[in-house]
Amino acid sequence: MNIALIGYGKMGKAIEEIALQRGHSICLKITSQNTHDLTPNNLKKADAAIEFSNPKTAVINLASCMKAGIPVVCGTTGWLKDLHYIETLCKEQNGSFLFSSNFSVGVNIFFEINNKLASLMDPREDYKVSIEETHHTQKKDAPSGTAISLAEGIINNLKRKIKWVNGGDAMPGELGIISHRVDDVPGTHKVIYHSEIDDVEIIHTAHNRRGFAYGAVLAVEYLASRKGIFTMKNVLGI
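Per the working numbering, residue 21 is the first one in the sequence shown, and the count goes up by one each step.
Quick caveat, the hints were computed from the structure, so don't treat them as lab data. Some clues are possibly wrong.
[Unchecked claim] Once the Cα atoms are required to be at most 25 Å apart in a straight line, the calculated DMTMM-like pairs of lysine to aspartate or glutamate come out as:
#, residue 1, residue 2
1, K76, D102
2, K159, E37
3, K136, E37
4, K148, E112
Given these sequences and hints, build the entire structure.
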């Protein structure tokens, strides 16, 4: 498969390494220095694209892929206020789109465990829930997209929480997300249920970026032959 990489930072390079190992080729690499190369003609040389850029450019990049008829996998976070627009455009173009806040196989299993734990804790009102996430200092958005996905999973399964807030000072009905930024941390996410009697915690710790890159390549392999809007749940069959 010929893959276009839109965003060629640390994640883009990790994705390239995994893609080449799995027999694919990279036909286009877009960085902040050559955005003028993101043209329909160049995109049409690819069978699919993987977009890992930044919140300011993601929507433009995704729209370019869809208008060029190229399936696109997106891992950029911090732009989801425009998700409805992108999904609508995908449908209008009869395109192929897959977004995930985290492509790690382990994290997507972690999401399912989080949902189940929240449903078990729903009647246990003596437990207070919070989320902590730690990432490298280069990460531009806080809280992380993964932490937001965890929060949404809790809110969907825990009736006493109706929205998430950034920080630990949560009011009743709010779910606090505490964000830490530390050098050279790929990503750690913790969900804590605290009571006077005990704590129940689930934790996912990434050791490097390879898990994210591997999942992104699995996603583009899945998406390239399909039409529609998908998630990692479709890729992993969970």
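Please verify whether K159 and E37 have alpha carbons no more than 25 Å apart. holds, 21 Å
Check whether the Cα positions of K136 and E37 lie no farther apart than 25 Å. violated, 35 Å
Is it true that the CA of K76 sits at most 25 Å from the CA of D102? This hinted pair holds, its Cα atoms lying about 11 Å apart.
25 Å limit on alpha-carbon distance, applied to hinted pair K148 and E112: Between K148 and E112 the Cα gap is close to 43 Å, so the pair fails against 25 Å, i.e. violated.
Of the numbered hints listed earlier, those contradicted by the structure are 3 and 4.
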